[in-house]
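K.L.:
We have chain A already, so just place chains B, C and D with the ligands on it with the hints.
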Amino acid sequence: MPELSLQQALNTALRHACEDDDRVLIFGEDVGELGGVFRVTDGLQDKFGAQRVFDTPLAESAIMGLSVGLAMAGWRPVPEIQFDGFSYPAIDQIVNQVARMHYRSRGSLGMPITLRLPSFGGIRAPEHHGESLESLFAHVPGLKVVAPSGPSEGYHLLRQAIADPDPVVFMEPKSRYWQREDFDPAEPVEPPPIGSSRVVRRGRHATLVAWGAMVARCRQVAELAAEDGVELEVLDLRWLKPIDADGLAESVSRTRRAVVVHEAPLTAGLGGEVSSLITERCFGDLRAPVQRVAGFDVPYPSGALEDEYLPSVDRILTAVQTALEYRRG
Amino acid sequence: MPELSLQQALNTALRHACEDDDRVLIFGEDVGELGGVFRVTDGLQDKFGAQRVFDTPLAESAIMGLSVGLAMAGWRPVPEIQFDGFSYPAIDQIVNQVARMHYRSRGSLGMPITLRLPSFGGIRAPEHHGESLESLFAHVPGLKVVAPSGPSEGYHLLRQAIADPDPVVFMEPKSRYWQREDFDPAEPVEPPPIGSSRVVRRGRHATLVAWGAMVARCRQVAELAAEDGVELEVLDLRWLKPIDADGLAESVSRTRRAVVVHEAPLTAGLGGEVSSLITERCFGDLRAPVQRVAGFDVPYPSGALEDEYLPSVDRILTAVQTALEYRRG
Amino acid sequence: MRTLPLMDDAEFRELFRLMLVTRRLDEEAIALQRQGVLPAYAPVRGQEAAQVGSAAALDLSRDFAFPTYRELGAAVAMGVDPVAYLAMHLNIWHGGLYDASTSRLSPPNAVVGGPVLHAVGWAMGAQLDGTGGAALTYFGDGASSQGDIHEAMNFAGVYRLPVVFFCQNNGWAISLPTARQVAGGSVAARAAGYGFEGVRVDGNDATAVFEATRKALDHARSGGGPTIVEAMTYRLGPHSTSDDPSRYRSADEERARAEHDPITTGMAALTAEDVADAEEHAASVVTRTTEGLRALKTPPGDDMFRFVHREPTAALLAQHRAWKESQDA
Amino acid sequence: MRTLPLMDDAEFRELFRLMLVTRRLDEEAIALQRQGVLPAYAPVRGQEAAQVGSAAALDLSRDFAFPTYRELGAAVAMGVDPVAYLAMHLNIWHGGLYDASTSRLSPPNAVVGGPVLHAVGWAMGAQLDGTGGAALTYFGDGASSQGDIHEAMNFAGVYRLPVVFFCQNNGWAISLPTARQVAGGSVAARAAGYGFEGVRVDGNDATAVFEATRKALDHARSGGGPTIVEAMTYRLGPHSTSDDPSRYRSADEERARAEHDPITTGMAALTAEDVADAEEHAASVVTRTTEGLRALKTPPGDDMFRFVHREPTAALLAQHRAWKESQDA
Ligand SMILES: Cc1ncc(C[n+]2csc(CCOP(=O)(O)OP(=O)(O)O)c2C)c(N)n1
Ligand SMILES: Cc1ncc(C[n+]2csc(CCOP(=O)(O)OP(=O)(O)O)c2C)c(N)n1
Ligand SMILES: [Mg+2]
Ligand SMILES: [Mg+2]
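Protein chains in written order, with the numbering used here: chain A, 8 to 336; chain B, 8 to 336; chain C, 3 to 331; chain D, 3 to 331.
Hints were generated in silico from the structure; no laboratory data involved.
All values derive from a computational prediction rather than experimental measurement.
Beta carbons: idealized from backbone N, C-alpha and C, even for Gly.
Please note: incorrect hints may appear among the correct ones.
[What the hints assert, rightly or not] Think about it this way: if two alpha-carbon atoms lie no more than 25 Å apart in a straight line, the pair counts; the simulated SDA-like pairs of lysine to any residue are:
| hint | chain 1 | residue 1 | chain 2 | residue 2 |
| --- | --- | --- | --- | --- |
| 1 | D | Lys299 | D | Arg312 |
| 2 | C | Lys326 | C | Ala316 |
| 3 | B | Lys54 | D | Arg162 |
| 4 | D | Lys217 | C | Gly186 |
| 5 | D | Lys217 | D | Asp61 |
| 6 | B | Lys54 | D | Arg312 |
| 7 | C | Lys326 | B | Gly129 |
| 8 | D | Lys326 | D | Asp304 |
| 9 | D | Lys326 | A | Thr325 |
| 10 | C | Lys326 | B | Asp314 |
| 11 | B | Lys54 | B | Gly129 |
| 12 | C | Lys326 | B | Leu331 |
| 13 | D | Lys326 | D | Asn93 |
| 14 | A | Lys54 | C | Arg162 |
| 15 | C | Lys299 | B | Ser319 |
| 16 | C | Lys299 | C | Ala316 |
| 17 | D | Lys326 | B | Ser159 |
| 18 | A | Lys54 | D | Arg182 |
| 19 | C | Lys299 | C | Arg162 |
| 20 | C | Lys326 | B | Ser319 |
| 21 | B | Lys54 | B | Ser159 |
| 22 | D | Lys326 | B | Asp253 |
| 23 | D | Lys299 | A | Ser319 |
| 24 | C | Lys326 | A | Glu287 |
| 25 | C | Lys326 | A | Glu332 |
| 26 | D | Lys326 | A | Glu332 |
[What the hints assert, rightly or not] DEER-style ranges, computed between Cβ atoms:
| hint | chain 1 | residue 1 | chain 2 | residue 2 | range |
| --- | --- | --- | --- | --- | --- |
| 27 | D | Arg323 | B | Glu194 | 55 to 65 Å |
| 28 | B | Tyr333 | C | Ala316 | 57 to 67 Å |
| 29 | C | Gly134 | D | Asp11 | 58 to 68 Å |
| 30 | B | Pro200 | A | Glu230 | 23 to 33 Å |
| 31 | D | Arg296 | A | Asp253 | 15 to 25 Å |
| 32 | A | Arg335 | B | Thr329 | 19 to 29 Å |
| 33 | C | Gln37 | B | Pro200 | 49 to 59 Å |
| 34 | B | Thr329 | D | Arg323 | 28 to 38 Å |
This is chain A alone, in the form it adopts within the complex (with noise of 0.2 Å):
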């Protein structure tokens, strides 16, 4: 079985969607002959031509606005936009127009655009460069919304929002781009459907609910409190819109203390709407309130302060603390 990065599983994941539909287009900053900043779409123009894969000028808005019109004579484009915090000037044509175009006409023109969305923090990058949207997209009527944490998760998500019908933000975790992990992508596999989640970890003393990056971080906890004795499990929500909400209630029932960490900032972060979601539906069950680990209310900063900002192992165990010791005042 091969060793593949999430960057070469991304890149495999577009090959073979782009072998496989003749219809999917790729395109974006610099994704032609340098491969993409990330080098994830390396290759890819040499293969399939510069009709397929092409580089746009650097306008956003113009990325994501010719999608809607690609989509509309009917080609399936996978936009990406260079970074997360760059893709603030292109939320006027994902909110009002690539969201909603399918609505608007009825079902008419159909929206299979995949916006591939390199995302979240962890990398000492410049400014707008570590940024979390997935509070902000997942709020938009219209959008599925899906945060790989690891390289055979990235190859089949990615698979599975190229496929799928309707707009999807494919946010990849930079940070976890060189992470390596053995699986074929040949392999045949049938994908769990849009909007579940994954169970990572077994435990029976709360549940940690992550995404991203942030998975492989949760696991790290798991593993230090495994230690102590502390039996944590670790859910990888993964698809941050739909959200799994019976997955969330089904684990957190059996577990019956939950924290959840993310990097966006903690007030209307995504945090809240997860947490909702557990006490809405686990509230008899609960024996501590949802503890929620996330980054402060701050704007991404530099390099030198980002171990500071980004959650860490120090203080989701506390937050694990904080729910395992908690009676009820």
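P.N.:
Only chains B, C and D with the ligands this time, still in chain A's reference frame:
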């Protein structure tokens, strides 16, 4: 005491702000001669001249980018974006620039900008004229966000927003523009601190949390419930960032049940944040999970379906009933 | 400026019939708004020649048009059912009820500037497929200030895409006159900066508009790339039925511009018989349309949920179900 | 294109000294990046004449400049402490550590296109105050594709604002050459469409750049309105220290363009004594800067909270406190 509509109260607040501080500038699309499509800036250009009250070309990103530059030059910009749905083209300037310039410059460049944004639905308007963006704005570090529920609130909160040295998004509930109230804007009032909520009706069986136009609807619900002997407390959250977590806790620790109501779609709406804040602080006191009554996860519909989409008295009452009848399973 | 078409010009007769249908429908729509049948309406009076002349140049077997919210004349010329088009103003459905895909007319779009990028994307799709089709995209003098317009023109210029940028310069963007909107004074003049052709045409001369548009479409179809056509016309009515133009322009100006009313000049150029015939035809379309509009039913609330995704999510199906149950209760 | 400056040109000698400081600092920054001191860096090699020539034309008593992320030369010419400027690349603080307000240089801005609107706003503020100051805003050939650039130029044109749009056309936007970025081929040529002047200048000729910029600034200060200055230059190095230009351009091209290296030609135009003197000066600046950079300390995590608002919110103060306690524990 004069009777003023919300629209008149806001107009008066702008007038007084211009009188008190000659660095205040008012601009946007059609705010000059026309006085704004809702006439909130009516007469201001006549009074303060076309240098301080001016029309901009039709470009929302420019309106906010301009505000940043004007603030850097020592002015106090009070831009208007004509409708909620047209703030999306300006989101990049709002998130990446307005909200961060003070931070980026380590306090060297102040951003005393108040963005006035006619918001929310309920007026049978065309597409993009009925959006609720509070969850997006509340998630952005560096912004403060407020939504008045009536004329006197509107007057005082707008004065406070303009006087504040930081960027504030001021969301005007357009369905309430013509609502009238007796109050004298000339009367000096010690403004409650930024981030404080307001109990607009006392009750003991459950707390309804709302903002903007939903406050009036919740009062209506409370009146109906009172006929059945159910006494609902109604809390006007008003500041949507920062949120008055203490005020919420104070109320719900008394009533032990809460329903949060908003127009925006449910998923990743501010209701999740409010629900989480309440649950984190009142877990031991809560007799039922916090209920959320919100817009559905669909694009804001056309007028014919508006009443189906918006939280109705019935839907709110049903949620109250669920909370009251809840039994731990 | 061209001289008026000759009276034996059959082509012009056909254009005039479509223009007159538009005019009479427009008048009827305003009447219906006054009667409370239509909640609001955006009149096209004065712009019939620009709209009909341009849309009539389309080859509906391969071209595609992208309207704003004020393109009744284009819809009429393209053979779209006026009832289905005007349903938008009845608040039945934001995008109207016609089938965008088969009509070759995108749903009405209220985001000024936004759809212009869709046209560019569609044109790229058509070019990739080698269909020989061209995109015709409408926008106003006001819209020309939006960033999206620039991104669209630059993109189309770089890729030499088959798209015609059709600007109806009607003198006003709500209350802002072109002189304070368009730096340099001419939208057509912008084309030179993108390396393609821009032409100005008398927008009240249907034949001139038709010919300029046909030429631009031919140029596009034959691989010559984009063109800007700027049709100089005038909005004789208010911006919308809730607008009051007397606040920002003089009655003198309106009277002066009414002398170039394309319907009046068209009538003068035709025989009385032709005019009578056209009136009869228009009257029958108006009757049919009014009956159709009055018979239109509010869509079921289910539609609000049905068209959000092509592949609905479990979460939304659950919301739909809950909504249904509440309806039945 | 100009001929080279005469050797007795004292002005040029001064410009050259600043250019050489920039070159040597640039080389040192790359070396520091290789040594792992700087995490990443965006080289300016080849653009020294464009940056120094333009910034030197500023009147720092009343003008203000708006940089991108690649304006070391402008910072040097404006007398900004290189340590404070380069602190950004040390990942100390996104906006560097210099005082933007007193330096008359906005913090480095990584959103391509974004700061150009700030310049327009600042220029309007200066015009309102009658200071006679002008704004100088930097952007690249890539940035010229952004919608914000168009909105900025149109706005500045309508209000005839004192702003100079200074485009460094360095041939590339990461991997995209100007020919596939700028439709029509010239950014300066866009000016005509906005009704103001655009000039192209040899960006490797510091004197020519200086004179063109000074002329444009004078024009702006005297009420003549905006100008585009397009300086034709070349990025001799990689886009950033993580870029690999061999993937998208030939060594031949690089060699050919290196022959116009402004430092080489500048050296040839000066006496050996002047060059030696300039080298000595540059070396001392480099030594001081390197020492300063190595001595820079990571800012306290408190700074992350301190600069979010000018008037901090209770909620953020609480997060700050919680963070502090976790540090002490
Ligand atoms: C992005 C955006 N901003 C603001 C509006 C509100 N608005 C609707 S029409 C209009 C004026 C449009 O002027 P123009 O483009 O000249 O078209 P016209 O109305 O004259 O047909 C404005 C400001 C909008 N629809 N979209
Ligand atoms: C809005 C935005 N989109 C994308 C990027 C990522 N990016 C950084 S630099 C760059 C190329 C910029 O080219 P140009 O404007 O010519 O400036 P240069 O790098 O040549 O100095 C890109 C695409 C960005 N910084 N901002
Ligand atoms: Mg107009
Ligand atoms: Mg460049």
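K.L.:
Run every hint past the structure and note whether it holds.
P.N.:
Hints and how they fare:
no.: 1; hint: D:Lys299 / D:Arg312; in the structure: 24 Å, holds
no.: 2; hint: C:Lys326 / C:Ala316; in the structure: 15 Å, holds
no.: 3; hint: B:Lys54 / D:Arg162; in the structure: 24 Å, holds
no.: 4; hint: D:Lys217 / C:Gly186; in the structure: 21 Å, holds
no.: 5; hint: D:Lys217 / D:Asp61; in the structure: 12 Å, holds
no.: 6; hint: B:Lys54 / D:Arg312; in the structure: 31 Å, violated
no.: 7; hint: C:Lys326 / B:Gly129; in the structure: 21 Å, holds
no.: 8; hint: D:Lys326 / D:Asp304; in the structure: 8 Å, holds
no.: 9; hint: D:Lys326 / A:Thr325; in the structure: 14 Å, holds
no.: 10; hint: C:Lys326 / B:Asp314; in the structure: 14 Å, holds
no.: 11; hint: B:Lys54 / B:Gly129; in the structure: 32 Å, violated
no.: 12; hint: C:Lys326 / B:Leu331; in the structure: 23 Å, holds
no.: 13; hint: D:Lys326 / D:Asn93; in the structure: 22 Å, holds
no.: 14; hint: A:Lys54 / C:Arg162; in the structure: 24 Å, holds
no.: 15; hint: C:Lys299 / B:Ser319; in the structure: 22 Å, holds
no.: 16; hint: C:Lys299 / C:Ala316; in the structure: 29 Å, violated
no.: 17; hint: D:Lys326 / B:Ser159; in the structure: 40 Å, violated
no.: 18; hint: A:Lys54 / D:Arg182; in the structure: 21 Å, holds
no.: 19; hint: C:Lys299 / C:Arg162; in the structure: 45 Å, violated
no.: 20; hint: C:Lys326 / B:Ser319; in the structure: 14 Å, holds
no.: 21; hint: B:Lys54 / B:Ser159; in the structure: 23 Å, holds
no.: 22; hint: D:Lys326 / B:Asp253; in the structure: 21 Å, holds
no.: 23; hint: D:Lys299 / A:Ser319; in the structure: 22 Å, holds
no.: 24; hint: C:Lys326 / A:Glu287; in the structure: 21 Å, holds
no.: 25; hint: C:Lys326 / A:Glu332; in the structure: 43 Å, violated
no.: 26; hint: D:Lys326 / A:Glu332; in the structure: 22 Å, holds
no.: 27; hint: D:Arg323 / B:Glu194: 55 to 65 Å; in the structure: 37 Å, violated
no.: 28; hint: B:Tyr333 / C:Ala316: 57 to 67 Å; in the structure: 24 Å, violated
no.: 29; hint: C:Gly134 / D:Asp11: 58 to 68 Å; in the structure: 59 Å, holds
no.: 30; hint: B:Pro200 / A:Glu230: 23 to 33 Å; in the structure: 45 Å, violated
no.: 31; hint: D:Arg296 / A:Asp253: 15 to 25 Å; in the structure: 55 Å, violated
no.: 32; hint: A:Arg335 / B:Thr329: 19 to 29 Å; in the structure: 22 Å, holds
no.: 33; hint: C:Gln37 / B:Pro200: 49 to 59 Å; in the structure: 51 Å, holds
no.: 34; hint: B:Thr329 / D:Arg323: 28 to 38 Å; in the structure: 37 Å, holds
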